[in-house]
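Here my numbering is used: the first residue of the sequence shown is 1, the next is one more, and so on.
Do not rely on the hints blindly, as some may be mistaken.
Straight-line distance between alpha carbons at most 30 Å, and here's what the computed DSBU-like set of lysine-lysine pairs gives [as the list claims (entries may be wrong)]: (1) LYS55 with LYS78; (2) LYS43 with LYS78; (3) LYS43 with LYS55; (4) LYS30 with LYS78; (5) LYS30 with LYS43; (6) LYS78 with LYS26.
Distance windows between CB atoms, simulated [to be verified]: (7) GLN75 with ASP20: 23 to 33 Å; (8) ALA80 with GLY44: 13 to 23 Å; (9) GLU104 with PRO16: 18 to 28 Å; (10) GLU48 with SER99: 39 to 49 Å; (11) ASP73 with LYS30: 15 to 25 Å; (12) GLU104 with TRP65: 34 to 44 Å; (13) TRP34 with GLY57: 26 to 36 Å; (14) VAL50 with PHE93: 19 to 29 Å; (15) SER99 with THR72: 23 to 33 Å.
Keep in mind the hints are simulated off the structure, nothing from the lab.
Computed from a prediction, not measured in an experiment: that's the story for all the values here.
Glycine included, every Cβ here is placed at the ideal spot set by N, Cα and C.
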Amino acid sequence: MSPALGAVSPVVTGRPVAADDVEDAKAIQKLVNWTVGTESGFKGAAEESVLDCVKLGTGVYYIPWVERIHVTDVQEVKHAGPRIMSVAPEDFFVPGSASADLQEARWVAMR
C-alpha cells in the first residue's frame, strides 16, 4: 500500500449529508473502523483498486461473508466476517438499464 494511504486514519470517513443523518453517519464510521481493523482485507483491496478508481473513475469491491472453521483436538476455532476483494471493472457486468443502486439491478455478474 502506498505510504500516504496507509498513514491516514481513519481511512474512510462517514459524514452526514443532512442534519438528521448524524446518527447514521456515526454508525457507518463505527462499522468502517471495525472493518479496517479486522481480517477483512480492506487495505489489500484498496491497494489494488486505487489505480482503477483514478484511471477509470470507478472501482468494484466484492464483499462476501466468509466463515472458516479449524477443528483441533482441543477446540474448534471459528473466524467469521466480511472479506473485501477488489474486482477489475472490466470483469464486472451489469445490464445497460441498471441504476446506481445495484441492489435493484435485475442481475449482476462477475468474471
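Hint check results:
no.	hint	in the structure
1	LYS55 with LYS78	39 Å, violated
2	LYS43 with LYS78	22 Å, holds
3	LYS43 with LYS55	19 Å, holds
4	LYS30 with LYS78	23 Å, holds
5	LYS30 with LYS43	17 Å, holds
6	LYS78 with LYS26	29 Å, holds
7	GLN75 with ASP20: 23 to 33 Å	46 Å, violated
8	ALA80 with GLY44: 13 to 23 Å	19 Å, holds
9	GLU104 with PRO16: 18 to 28 Å	24 Å, holds
10	GLU48 with SER99: 39 to 49 Å	26 Å, violated
11	ASP73 with LYS30: 15 to 25 Å	38 Å, violated
12	GLU104 with TRP65: 34 to 44 Å	21 Å, violated
13	TRP34 with GLY57: 26 to 36 Å	29 Å, holds
14	VAL50 with PHE93: 19 to 29 Å	22 Å, holds
15	SER99 with THR72: 23 to 33 Å	48 Å, violated
Hints 1, 7, 10, 11, 12, 15 from the earlier list are contradicted by this structure; the remaining hints agree with it.
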